[in-house]
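Those sequence lines, one after another, are chains P and Z. Each residue of the first sequence is one higher than the one before, starting from 1 at the first, in my numbering. Each residue of the second sequence is one higher than the one before, starting from 1 at the first, in my numbering.
Heads up, a few of these hints could be off.
Identical copies look the same in the list; a pair holds intra-copy or inter-copy alike.
Under the rule of at most 16 Å between Cα atoms (straight-line distance), these lysine to aspartate or glutamate pairs were calculated in the EDC-like manner [as the list claims (entries may be wrong)]:
1) 69 / 41
2) 79 / 145
3) 71 / 41
4) 147 / 77
5) 107 / 44
To be clear, the hints were calculated from the coordinates, so they are not data collected in a lab.
Number of protein chains: 2
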Amino acid sequence: MKKNIEYNSIGTIFTSFSTLEGMPVQSLAGKDFTGTIVIHEDFENGLMDLNGFSHIILIYHLHRVENFKLKVTPFMDDKQHGIFATRSPLRPNPIGISIVRLLKIEKNIIFFEGVDMVNETPLLDVKPFFPLFDNRLNATSGWLEGKNNLENVRSDDRFVNSNNFKNI
Amino acid sequence: MKKNIEYNSIGTIFTSFSTLEGMPVQSLAGKDFTGTIVIHEDFENGLMDLNGFSHIILIYHLHRVENFKLKVTPFMDDKQHGIFATRSPLRPNPIGISIVRLLKIEKNIIFFEGVDMVNETPLLDVKPFFPLFDNRLNATSGWLEGKNNLENVRSDDRFVNSNNFKNI
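Generate coordinates for the entire structure from the input sequences, incorporating the hints supplied.
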């Protein structure tokens, strides 16, 4: 029961990471890096009141991913796990989400802190982060339990030296 | 700089809500409702180790949405806000996310609690919820600040009696 689902980007995320190497693997690890999102001008009015939120959820297309794998060895571990039990980009639908800190919005440009995506990533959607909807304080986390060395985890050559990513 | 981005669903979400009316507007409000996801058999191996997580993030296509609006009056308020400052479904790219409680996985079938989507919603991706990545305890929330009557908020006819949704 496959369906073709088509989206156009609503904007582009600009970051200082033109390659995957050295890029933070999660937004929290990228908190020292700022990025800029240029929303297509047609959608500028859709940003009204977003500036009241401290955090926003970015949903984006992982445009550099060419293939998917059903089992991967993620950065946070040295064992294989099912792709859907990881945050690896090598997913059947290469969709990424990041919760980032909103710095400011000027017209159609969003400035944020918490970069974990490559430059020129096509943005699919922005949603406000709302603690009541989005926090789960009692969550337990399987193989990821106790892994909190996030600050030091950077994207290495595990994925880069493969034909799963497009070179640019 | 529009791009065509194409996905196929990785499975289908089955719920007891065949219409929008009466449906919880967020996953937490739907905590008394259970749903079932049938993942396409080709992807079953991708679910390995997901069962260790208490919560999962569902990313899905809001297949009933036909049009978008740049400004909407959401269920949680009586004032207009930009679509990207709300969780309304009437988005340029109708993508929904829900953080739901994982009950169990049997082969390619996921059972979960926290339904806020209509029956037969096409699933785009599943990710494990990881508190360290996904919680933001210090977040502030603009116009949504202090609005916590979520339990009683249900989808009403505000959207249903319009031509923004497909009837089925």
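Which numbered hints turn out to be false for this structure?
-> none
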